[in-house]
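If you want the building blocks of each chain, they are given just below.
2 protein chains.
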Amino acid sequence: MHMATEQDFEVESMHYNRLLLAVDDDDDDSSHKAFNYAATLAKIYNIPLGIVSVLETGDLNIYQSLSPDLLADRRSQMAAHLNTYVEKAEAFGAQDVQPLIGEGKPAAVILDEIVPAFKPDLIVLGSHERRGRSRLGHVAAEIAREADASVIIVR
Amino acid sequence: MHMATEQDFEVESMHYNRLLLAVDDDDDDSSHKAFNYAATLAKIYNIPLGIVSVLETGDLNIYQSLSPDLLADRRSQMAAHLNTYVEKAEAFGAQDVQPLIGEGKPAAVILDEIVPAFKPDLIVLGSHERRGRSRLGHVAAEIAREADASVIIVR
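Protein chains in written order, with full-length UniProt numbering: chain A, 1 to 155; chain B, 1 to 155.
Where hints are given, some of them may not hold.
Said to hold, decoys possible - With a cut-off of at most 20 Å between alpha-carbon atoms, the simulated SDA-like pairs for lysine to any residue come out as follows: (1) B:Lys33 / A:Asn17; (2) A:Lys88 / B:Lys88; (3) A:Lys33 / B:His15; (4) B:Lys43 / A:His15; (5) B:Lys33 / A:Arg145; (6) B:Lys88 / A:Met14; (7) A:Lys43 / B:Glu10; (8) B:Lys88 / A:Ser13; (9) A:Lys33 / B:Ser13; (10) B:Lys33 / A:Leu70; (11) B:Lys33 / A:Glu12.
By construction, these hints were calculated from the structure, which means they are not laboratory data.
Take these sequences, add in the hints, and give me the full structure.
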């Protein structure tokens with residue numbers, strides 16, 4: 001017990017100022033809730049919202065054998081998907097929404113490239129629960145564990 | 001890609017309505033930030049806040065050998081610690097703050113007893129980072145993974 005610590009501690013209001021939402025092409029109920037929550041915070045607090053999507057190329061041998069044309073198709077599909085989210089957030093009332101694109105292993109790209117560049121103080125993730133399997137997807141779990149920012153897992 | 005899904009999806013405001021904050025006697029910077037964030041949300045949205053503390057008895061052989069007096073002391077220390085937090089949250093302006101006490105293995109008690117009884121839609125946790133070791137304590141990691149509610153890990 002460190003009784004002094006909580007006695008001395010002064011309560012202060014705490015708000016987040018810069019949000020990063022990760023989306024993928026695996027839309028599910030938790031993705032939509034995560035989007036709704038991030039868009040709501042961005043709108044009511046008038047704070048920047050980055051929306052990141054990562055084209056997964058790291059572990060998947062399939063991508064090594066994709067033709068350049070097919071890979072270009074995947075990139076443009078992903079960009080279109082991301083832009084749909086950006087437009088929806090703006091239409092909802094978020095003022096400053098930025099699309100962010102990465103390529104590689106999703107958790108590593110988000111942790112090592114996107115977060116250091118965008119500098120969010122809160123990362124918003126869907127849980128990506130798999131029915132009958134895990135209650136938390138492995139990308140979300142890795143980001144929650146390793147990120148240098150607060151993380152909310154939306155269910 | 002499931003293009004239809006995000007095209008059709010309607011953005012809706014999303015707020016949380018019932019908060020559960022877990023505190024332990026291991027106060028650290030992330031605990032205080034988690035407390036500040038939970039108290040801020042409870043105040044500005046005028047929503048109930050439960051604050052739970054679990055007397056850890058599950059794995060610790062030491063507790064098996066504690067005298068009844070010493071165990072009673074630990075219980076009353078923990079209750080005092082928890083009440084300090086409840087009073088601070090109320091003084092800060094949260095209207096409906098409930099202390100919740102458990103005993104056993106912290107993650108299991110919170111997941112299996114406290115959450116089903118209190119029914120939070122958002123669980124607020126400090127990261128309990130260990131310098132040079134993990135960026136997320138194992139109790140927080142287990143709750144983030146298994147909870148039947150959204151979880152925010154505050155850093």
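Query - Hint check against the structure, violated hint numbers in rising order - result: As far as the earlier hints go, 2, 10 are violated by this structure, in ascending order.
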